[in-house]
Each structure stands twice: as structure tokens, then as C-alpha cells.
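Peer 1: On the provided structure of chain A, position chain B as indicated by the hints.
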Amino acid sequence: MALSRDAYKILEAIVGPEYISKDPEITDVYAFNWDVFSGMDYFKMPEAVILPGSTEEVQAIVMACNKFSDRFSDDRFKIKFKAHSTGWGSWANVNTENVILLDLRRMNRILEIDAKNQYAVVEPYVSWAQLMAETMKVGLIPSMSGAGANTSVLANCTSMMGSGLTNMFTGFNGRNVLGVEWVLPTGEILKLGALGAGAGWFCGEGPGPSVRALMRGTYGAMGSLGVFTKCATKISHWPGPSRFEIEGEAPHYMFAAPLENCHAYGISFPSIEKLKDAAYKICDAEIAYALFRTGPLGSAIMATSSNKELERLWKTGRFQSKPYVLSVLIMADSQKESEYKVRILEEIISEEGGSVGRGQGEPKDQVRRQFGHLVTDKSGTVFRPGTYTTSMGGWGTLDNVIRQEAIAAETKIPYVKKGLMMADDVGNPGMVMCEGHYGYEECMHVFDPTDLEGVEAARKYLEEETAQASLKHRFSVDNFGIFGINGEALNKLGETCYNFHLWQGKILKAIDPNGVAESSTYLRG
Amino acid sequence: MSHLADYRKDMMRDTRCSFCKWIPLAQIKSWRFAYGCPSIAKYQFHNYSAGGRIIMGLSLIDKRLDFSERFVDIVYQCQMCGACDVACKIVSDRDPLEIMRELRAQCVEGGQIVPAHSATIEGLRKEDNMVGELKAERGRWAEGLDVKDLTKENAEVAFHAGCKYAYDEELQPIARATVTLLKKAGVDVGIMGKDETCCGGRAYEMGFQGEFTKYTESNIEAWTTAGVKTVITPCSDCFGAFREFYPRVGKEIRFEFLHTTELLGQLVREGRIKLSKKVPMIVTYHDPCHLSRFAEPFIPMPGKEHKAFGQVFVHEATKVFRSKGVYETPRYILKTIPGLRLVEMERIKEYTWCCGAGGGVLEAYPGFAQWTANERLEEAKASGAEALVTCCPWCERSFKDALATNGDESFRIYNIVELMQQAI
Numbered sequence: 001m002a003l004s005r006d007a008y009k010i011l012e013a014i015v016g017p018e019y020i021s022k023d024p025e026i027t028d029v030y031a032f033n034w035d036v037f038s039g040m041d042y043f044k045m046p047e048a049v050i051l052p053g054s055t056e057e058v059q060a061i062v063m064a065c066n067k068f069s070d071r072f073s074d075d076r077f078k079i080k081f082k083a084h085s086t087g088w089g090s091w092a093n094v095n096t097e098n099v100i101l102l103d104l105r106r107m108n109r110i111l112e113i114d115a116k117n118q119y120a121v122v123e124p125y126v127s128w129a130q131l132m133a134e135t136m137k138v139g140l141i142p143s144m145s146g147a148g149a150n151t152s153v154l155a156n157c158t159s160m161m162g163s164g165l166t167n168m169f170t171g172f173n174g175r176n177v178l179g180v181e182w183v184l185p186t187g188e189i190l191k192l193g194a195l196g197a198g199a200g201w202f203c204g205e206g207p208g209p210s211v212r213a214l215m216r217g218t219y220g221a222m223g224s225l226g227v228f229t230k231c232a233t234k235i236s237h238w239p240g241p242s243r244f245e246i247e248g249e250a251p252h253y254m255f256a257a258p259l260e261n262c263h264a265y266g267i268s269f270p271s272i273e274k275l276k277d278a279a280y281k282i283c284d285a286e287i288a289y290a291l292f293r294t295g296p297l298g299s300a301i302m303a304t305s306s307n308k309e310l311e312r313l314w315k316t317g318r319f320q321s322k323p324y325v326l327s328v329l330i331m332a333d334s335q336k337e338s339e340y341k342v343r344i345l346e347e348i349i350s351e352e353g354g355s356v357g358r359g360q361g362e363p364k365d366q367v368r369r370q371f372g373h374l375v376t377d378k379s380g381t382v383f384r385p386g387t388y389t390t391s392m393g394g395w396g397t398l399d400n401v402i403r404q405e406a407i408a409a410e411t412k413i414p415y416v417k418k419g420l421m422m423a424d425d426v427g428n429p430g431m432v433m434c435e436g437h438y439g440y441e442e443c444m445h446v447f448d449p450t451d452l453e454g455v456e457a458a459r460k461y462l463e464e465e466t467a468q469a470s471l472k473h474r475f476s477v478d479n480f481g482i483f484g485i486n487g488e489a490l491n492k493l494g495e496t497c498y499n500f501h502l503w504q505g506k507i508l509k510a511i512d513p514n515g516v517a518e519s520s521t522y523l524r525g
Numbered sequence: 001m002s003h004l005a006d007y008r009k010d011m012m013r014d015t016r017c018s019f020c021k022w023i024p025l026a027q028i029k030s031w032r033f034a035y036g037c038p039s040i041a042k043y044q045f046h047n048y049s050a051g052g053r054i055i056m057g058l059s060l061i062d063k064r065l066d067f068s069e070r071f072v073d074i075v076y077q078c079q080m081c082g083a084c085d086v087a088c089k090i091v092s093d094r095d096p097l098e099i100m101r102e103l104r105a106q107c108v109e110g111g112q113i114v115p116a117h118s119a120t121i122e123g124l125r126k127e128d129n130m131v132g133e134l135k136a137e138r139g140r141w142a143e144g145l146d147v148k149d150l151t152k153e154n155a156e157v158a159f160h161a162g163c164k165y166a167y168d169e170e171l172q173p174i175a176r177a178t179v180t181l182l183k184k185a186g187v188d189v190g191i192m193g194k195d196e197t198c199c200g201g202r203a204y205e206m207g208f209q210g211e212f213t214k215y216t217e218s219n220i221e222a223w224t225t226a227g228v229k230t231v232i233t234p235c236s237d238c239f240g241a242f243r244e245f246y247p248r249v250g251k252e253i254r255f256e257f258l259h260t261t262e263l264l265g266q267l268v269r270e271g272r273i274k275l276s277k278k279v280p281m282i283v284t285y286h287d288p289c290h291l292s293r294f295a296e297p298f299i300p301m302p303g304k305e306h307k308a309f310g311q312v313f314v315h316e317a318t319k320v321f322r323s324k325g326v327y328e329t330p331r332y333i334l335k336t337i338p339g340l341r342l343v344e345m346e347r348i349k350e351y352t353w354c355c356g357a358g359g360g361v362l363e364a365y366p367g368f369a370q371w372t373a374n375e376r377l378e379e380a381k382a383s384g385a386e387a388l389v390t391c392c393p394w395c396e397r398s399f400k401d402a403l404a405t406n407g408d409e410s411f412r413i414y415n416i417v418e419l420m421q422q423a424i
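Those sequence lines, one after another, are chains A and B. 1 is the number of the first residue of the first sequence in this note's numbering; add one for each residue after it. 1 is the number of the first residue of the second sequence in this note's numbering; add one for each residue after it.
Worth double-checking, as some hints may not be accurate.
Said to hold, decoys possible - Which chain B residues stay away from chain A? Per the calculated CB distances, all over 12 angstroms, these:
#1 Lys148
#2 Gln266
#3 Lys277
#4 Pro280
#5 Gly325
#6 Leu403
#7 Asp408
To be verified - A few chain B positions that, by computed beta-carbon distances, are all more than 12 angstroms from chain A:
#8 Thr15
#9 Ile23
#10 Ser118
#11 Arg125
#12 Arg140
#13 Lys194
#14 Glu252
#15 Ser383
#16 Glu386
Said to hold, decoys possible - Lysine-lysine pairs mimicking DSS-like chemistry, simulated, CA-CA at most 27 angstroms apart:
#17 B:Lys251 - B:Lys307
#18 B:Lys214 - B:Lys251
#19 A:Lys44 - B:Lys63
#20 B:Lys304 - A:Lys418
#21 A:Lys308 - B:Lys307
#22 B:Lys274 - A:Lys460
#23 A:Lys116 - B:Lys29
#24 A:Lys22 - B:Lys42
#25 B:Lys307 - B:Lys274
#26 A:Lys315 - B:Lys9
#27 A:Lys418 - B:Lys307
#28 A:Lys418 - B:Lys183
#29 B:Lys381 - A:Lys137
Source of the hints: derived by calculation from the structure; they are not laboratory data. We put the CB at the ideal spot given by N, CA and C, even for glycine.
So that you can see chain A by itself, here it is in the shape it has in the complex (with noise of 0.2 angstroms):
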């Protein structure tokens, strides 16, 4: 159904003629991805693309499509929105019919950093990147994104995931986010946490409404449950320079110097296991900036500027050989700290029999690790040698995580060995980015979009073996991995998690009764 032409000049009215189009010319941009989720085929085009520029205009527009949609009660005819910052994933495509799209990207102000209370008010489009730039100014940095510092701040504090490689100084972003401004499905405006009761953004608990949960759960709603207009998140002590001092040419940026007080660590383990227990001392002893690894794939492509590097380097079998590899940062105020915890990471490496490679001090291999444990410059490679999913992973103990990771190993095998996936990484497909005991973890495979076969072969492996892994072995998984599981797959999955499938329809039901948020990536069961 047609967005008809009043329906049209009252969102005009809204942003203005130059702020919303219906032309396909515009529409058919916003239904394209990469996602596996789609294959090779678009999404739905939404009936027109908007972009509001402040709280109120979204307001209005999410109270226009209520009352274009008041009269109806079948789904079919009533006109829904969804919201997106950068549009990155495919969550943010439009799925269903009759979808105005809101493009958040003009709303993309840094409204406030309290240094003293130490947290950051930011609109949908501000980037982890710019906010980063902006903090550092004053000693203190946010939980960058691990998709990216191109992605953005809100959709990753109050909607998306939410961990990052420094998680272990500065937190996971579920947690870190505080106050949040939320345009419900019906067009109220919520503020959660001390935000609603006119204290502030400080708090995200209270004393206001308190439905962090509901907002997230653990990974989001990923723009199902009404559009988020401001968040503020946690930032945190930051030991290094006000800004990084880059030498370089693109892309190989670098830091001119090491920082002060600082050490990067590459540590190779004998086993998964030794890495596992190294990790988990370096968490109870408090000591890491960092902490995290990625396995060979990863960590071959984010060393790589292009497939053909890749390839060549992939072949010589270096980064397979050392697959257990931790990587480690260690940040200090003062000389005496920093050698403090180097002391403390030195014996811990030396129980569980790790090593550290010859040169690894050297200010040339510093400033290298430095930079890549610091400048999320490069997250977006996983992509480049043709696309990415993940799998299995999501939050759990490093022991769960891990365990997840050579489950994801051992299914893949067969995919790698008739060429639907890359690669064969010795049983390691895993990143993880610690908190704690806890991890983040995501179990990476890529393969080439423009390949039909490589394409159905990791939806099936998303649908199929991601869902039968997880009722066999009795985990959940993250979202990617409930992305590619829905229908019956999923609401066998709920049944063995606490029916979180029905539990998600009664909180959609209750924060949307008109049924107007496009909530396809939300309920999927």
C-alpha cells in the first residue's frame, strides 16, 4: 500500500520537503545489504525515507503513523516506521511492507561530557571515532564499539551489542549506558533511569523508570521498540595523550611514539586452555587496559591491507601455527604502576607457559600493537574478503565462550573443505573481547556475496547447524546467530532458554499496542 499523498505532506510538514523523499530513486538505496539474511536479494523498500533532525520531529512522526494507522487493525494496511543510526547491519533494513524509514543522521550532536561525573550525552549519529576525539580531551575515553569507531555510540549503548577490546577498563555497554531519551512506538517520550525524574543523565537505573532491560536485554532490540533520540554512557580514565600523534600514510597509520606507561602484549599459549586460565588471572589481578584475542582468520585479515596480501600470507601457515594468542594492554598513571602490572602479567604468562615473541618490546613492535589495540580503525577488514557473519559466540563465561568456539570449529569443517567458507583456522574461529570472566565473543566466517553458493551455505549454516548446535549443547546464542534462527527453530530454542521468545512478544505487545514499530528483527519466532 502506497503512502498516500496526505499521509506524505504531513510527514513533509515534519522535517520539510529537503528531509524526506518516497522517489525510488532514494528508496531503493535504503533496501540494499550485504547481510547473508538476504542473500542476493534486497530488502523491502520502505515507502519513503525521512530524516528528522531533533526529539520532536520524531515524535511527530511516530505519532503520524499511529494515526494513519489508528483505523486499522490489520497489520497489512497500517503504515510502521524503524529507525537506524548508520545503517550498517541489515537490522536496520525495513522487512515488511508499508515502513517509513527514519534516517537518524542529522541528529548527530555531542550534547554534553561531564568530566567530573564522567559520562558523554550524545544524539543517534555521533560515531565511537568522534566521541573518542572529543573525550580524550579531557582524560577520559568511552567503551569503543568492536564493530567499529565508524559505528554509532547510541545504537550500540542502547540497541546493538556493546563490547569492545578495552571492555576489561572500560566496561560493556549495556551497563555503560545511563539516561536514555526514548520515543516509544506511541509516541511518548520516555526517559529512563535518573533522567526521568529530572535528576540527570548519570544514573540508568533510577530514580526514574528503570527498564534498562526491557530497552536491550543483553543485545538489543536493534531498532524494533521505537526510536532512541539521546543516550549518555560511561567514560572512563584515560592514562594516554589528549590526542594520538599519527605518522603515516593510509593505511598504515601509526602512532609516532609509544605511549607513556604503556605496554602492548601479543602472548602465544600452548592451548586454549592455558590461554583460557591466563586470561582469567588477568582479570581477578586487574591489572589489563585490554584483553582479548582474536583467532588466525582475524587476525591474518586485520594484519593484511588486501586479499592478495592475504592470501600470500595466509599461505605460509604463520598465523595458524600460533593459534592461542592473547592479546593484552597495559595502561598506567605512573611508571611505578605500569611496572607493577608488567610484573604481575609476567608471572601470570610464565604459569600458564606463555611467551611473548623476540622484539616484542622494541618501540616499532609498540607502537604497532599500541595502535591496534586502541584505534578501532580497521574493524570494518573482516568484511574485505568478501562478507561476514558470525555464528555462534555471544556473552558467557571465557570457559562457555570457548567451549562455543570449537563447536563452531568442528561444524565448519565441512563447509571449508568443499570451499563454501574460508578458512580452516586450526579449531580457533573465535574473537573474544574479556570482562572480567566474562567474554564477547563472536565466531567469524566469511564468504564471498556475490557467490550464490557461498551465500545459501552460510544461511544454512545460521539456520541449521548455528540452531542445532545450540539446543544440542545447551547454549544461546548471539544475535547474528538468532538472526539466521527463527520460526520453529527459534521457538524451540525460547523453549529451552526460559521461553524468552514469548517473553519478547508480551514486552512488544505492551510498549507498542498499535503495532506500528517494524519490529521483524525482534520477533522472529
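Peer 2: This is chain B only, laid out in the frame that chain A set:
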């Protein structure tokens, strides 16, 4: 020459990551000056980014979309500055700028021409220049200059003024001063004078590949006949065309292409130009796009790839990151001038922000060109500089016009040669 359809697989591989909108993320130093792409920064819809245009190109060849006025406007509201390409290649093996060039060629092939560009190209065809002036007037900038005429005698170095310097009376003194400097330093330099023609670069960027080829072949032949060893130009647009585009035509090139700052810098190093007078000023240097990002020859080979490990595509062409531009020599010259203090803007070198003039935008969307220039001027002022220095006539004109339109007389624009003159 390649065609848009040759890029189909690469277009399908777009990952919607939006890297093309920003400067390289590692280089972001503030919230304010984080964008790299003027088009998306102004027009906001995703279509106006390289990623958006890539998807549009895919939809065009897959017949999901057809040409329309809106389609063509979106394609051409872009200076083709290449900032997207630099940022994209940090994380991908795609050539967004090449894809957009082919998209434009497809538009032209399909008769979808922006009206203002029709007039420009008509002028090019008739009068061999991109600025709507008479061919017969081309050599007037050099009147009385006492420099070799390459149509009559040989020289080691050919000085190619470029259309803008040849005809813009306010900027002509820069070209004259440059030739004078070179001669005084003992360089054996000559010019084509009224027989100089357009480099063809902007026509190429506007999608008129046939015209480009014609001028390329004719210029190469003229310089070959003149027996020059080096072709230098003070125009960064021409420089980019010579260095990056000219090798694509497949004609033998027996000379080196340099920007004048490269030669001037060498002469300063050798002591043949002495910069000894104080020029007490705080300046910031604007890296012209074509000098920064178009300095490497690059022959695209779309569609030529093989698969590794089953799924990883490997392009046969060597990946060019567009980061080996001419950055250091202009800065070296400025730092050599006594009393002059150089402060840097946040977006420099391969991630410089465009002046606004390129890609046919000045001709067809002057408001957008001015908006882009204003953004840059704001950045220049934020650096603490009293003046902006550059070495491209299109950049100079763009900034000067923006200041004049704004009634801003407090900030100045200089060409690097002007400051050198003050220091001699």
C-alpha cells in the same frame, strides 16, 4: 576503457559500512571535522555517499532503477575528490571512485547530461578549454614573458598553465610568476602558449571519456614533438589528470609529470631559489585533492579476479591507496620561508577536505561548491591561521569566491608562489 557492468561484483560487495563518509577513522581529531565527503555531509541521504552511488550503479545495471533527473543529480552532486576512496580502501578491496567515474560515463553514454555540463563540454569541443573562453585568447597570460615557444623550439621542461590560469585574469600573475621563478633559477622551460589545450581531466571526471582521450593523445603528441623531458603544471587538476589518467590511454609517455611545487621545492633545496626575506604570517596549507590523491598512476582492471580458499576474491590489479601524494614538498617550501609559521588543519594530505570546485560541481551546482569551500574556510580559521595557502587555481578561486560572497575580508588566500615571491 572499462564499463560499469565490469564492476558488478564489487558493487554487490558493498558492505554499507559508511567508511566512505568519514576521513580515515584513525585521523579523526574532533567531532567537528570528522567528515571526508562533502556530498553526504550536505545532502544527508545515503545515496549521496560513494556507497550510496555504488548501490545506485548496481540498481541501474540490474534495471531496478532507470535514469531520471533525480538519479543524474545525485550522481553529479559530487566533486569526485577521492576522499571516499582513501577511506574505503583501508578496509576493503574496492575502487569506489572508479565505480563512480564509470557511472558518470554510463550517464553520458545514455545521453543523461547535466545541462550546465552540456555547455561546458560544448565550449571544450569548440575552444579547447573548460572555462568557456576563446581559444585565441589562451596565450595572453604569457604576453611579454619572454619564454620559449614549444611549437617553435625545444626545451627540457614544458610548463602547462592549464585552463584556469590561462584565462582567470586575477590568477594569471601566479602562472607568470612561476615561469619567471623557474627561468631565474636556470630552468630550460617553454610553453605551448595559445596552442596549449585543456588536459581533458575534468571532462573525464564528468563522464566524457571520449573527449578526454582526444586531449590526452593530442597533448602527449605535442610534448613528444617538443622533445621535453618533463611536463610541469601549477594546476593540481591537470597534475592529477597527467599522473593518474594519462597512462590509461595506452600511449607511450616519454616524459615525467610534475606539479610546479615539486620542481620549485627541488630548486629551493639546491639553493637555486633563495627564500631569505621574512614573511611574518601564520598560515595553514590546503592540500588540493588532485595533488593529494591522484598522484599515482593506476590502471583499473575491474572484474579480473581469482578466488582464494574458496571464497576470498583477489583482484589482479595492484591496489592503490591514493596516499602517495605531493604533500611534503609544499610544506617544505613554506617551512623554509623565514618568519612564516605553518599550522595544520585537521584534514590534510590524503584525507584533505575538497575545495568544492571539482568534478563538474562548480559548473552545475555552484551553491554546493560554495558550501564545501565554506566548510574548509571554517576549518582553516579554526587552525589559528591568518591565511590559507594552496597551489591550485581551482582551489584558490573557490576559496576567494566564497570569502567574497560572505563579505569576509579578514581572511586571506594565497598561492604558495606568492609567498615565495614575498620571501625572495
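Peer 1: Decide, hint by hint, whether the structure agrees.
Peer 2: Hint check results:
no.: 1; hint: Lys148; verdict: 37 angstroms, holds
no.: 2; hint: Gln266; verdict: 21 angstroms, holds
no.: 3; hint: Lys277; verdict: 32 angstroms, holds
no.: 4; hint: Pro280; verdict: 27 angstroms, holds
no.: 5; hint: Gly325; verdict: 9 angstroms, violated
no.: 6; hint: Leu403; verdict: 26 angstroms, holds
no.: 7; hint: Asp408; verdict: 26 angstroms, holds
no.: 8; hint: Thr15; verdict: 4 angstroms, violated
no.: 9; hint: Ile23; verdict: 9 angstroms, violated
no.: 10; hint: Ser118; verdict: 21 angstroms, holds
no.: 11; hint: Arg125; verdict: 30 angstroms, holds
no.: 12; hint: Arg140; verdict: 40 angstroms, holds
no.: 13; hint: Lys194; verdict: 40 angstroms, holds
no.: 14; hint: Glu252; verdict: 28 angstroms, holds
no.: 15; hint: Ser383; verdict: 14 angstroms, holds
no.: 16; hint: Glu386; verdict: 23 angstroms, holds
no.: 17; hint: B:Lys251 - B:Lys307; verdict: 32 angstroms, violated
no.: 18; hint: B:Lys214 - B:Lys251; verdict: 12 angstroms, holds
no.: 19; hint: A:Lys44 - B:Lys63; verdict: 16 angstroms, holds
no.: 20; hint: B:Lys304 - A:Lys418; verdict: 23 angstroms, holds
no.: 21; hint: A:Lys308 - B:Lys307; verdict: 10 angstroms, holds
no.: 22; hint: B:Lys274 - A:Lys460; verdict: 71 angstroms, violated
no.: 23; hint: A:Lys116 - B:Lys29; verdict: 22 angstroms, holds
no.: 24; hint: A:Lys22 - B:Lys42; verdict: 19 angstroms, holds
no.: 25; hint: B:Lys307 - B:Lys274; verdict: 56 angstroms, violated
no.: 26; hint: A:Lys315 - B:Lys9; verdict: 25 angstroms, holds
no.: 27; hint: A:Lys418 - B:Lys307; verdict: 13 angstroms, holds
no.: 28; hint: A:Lys418 - B:Lys183; verdict: 67 angstroms, violated
no.: 29; hint: B:Lys381 - A:Lys137; verdict: 20 angstroms, holds
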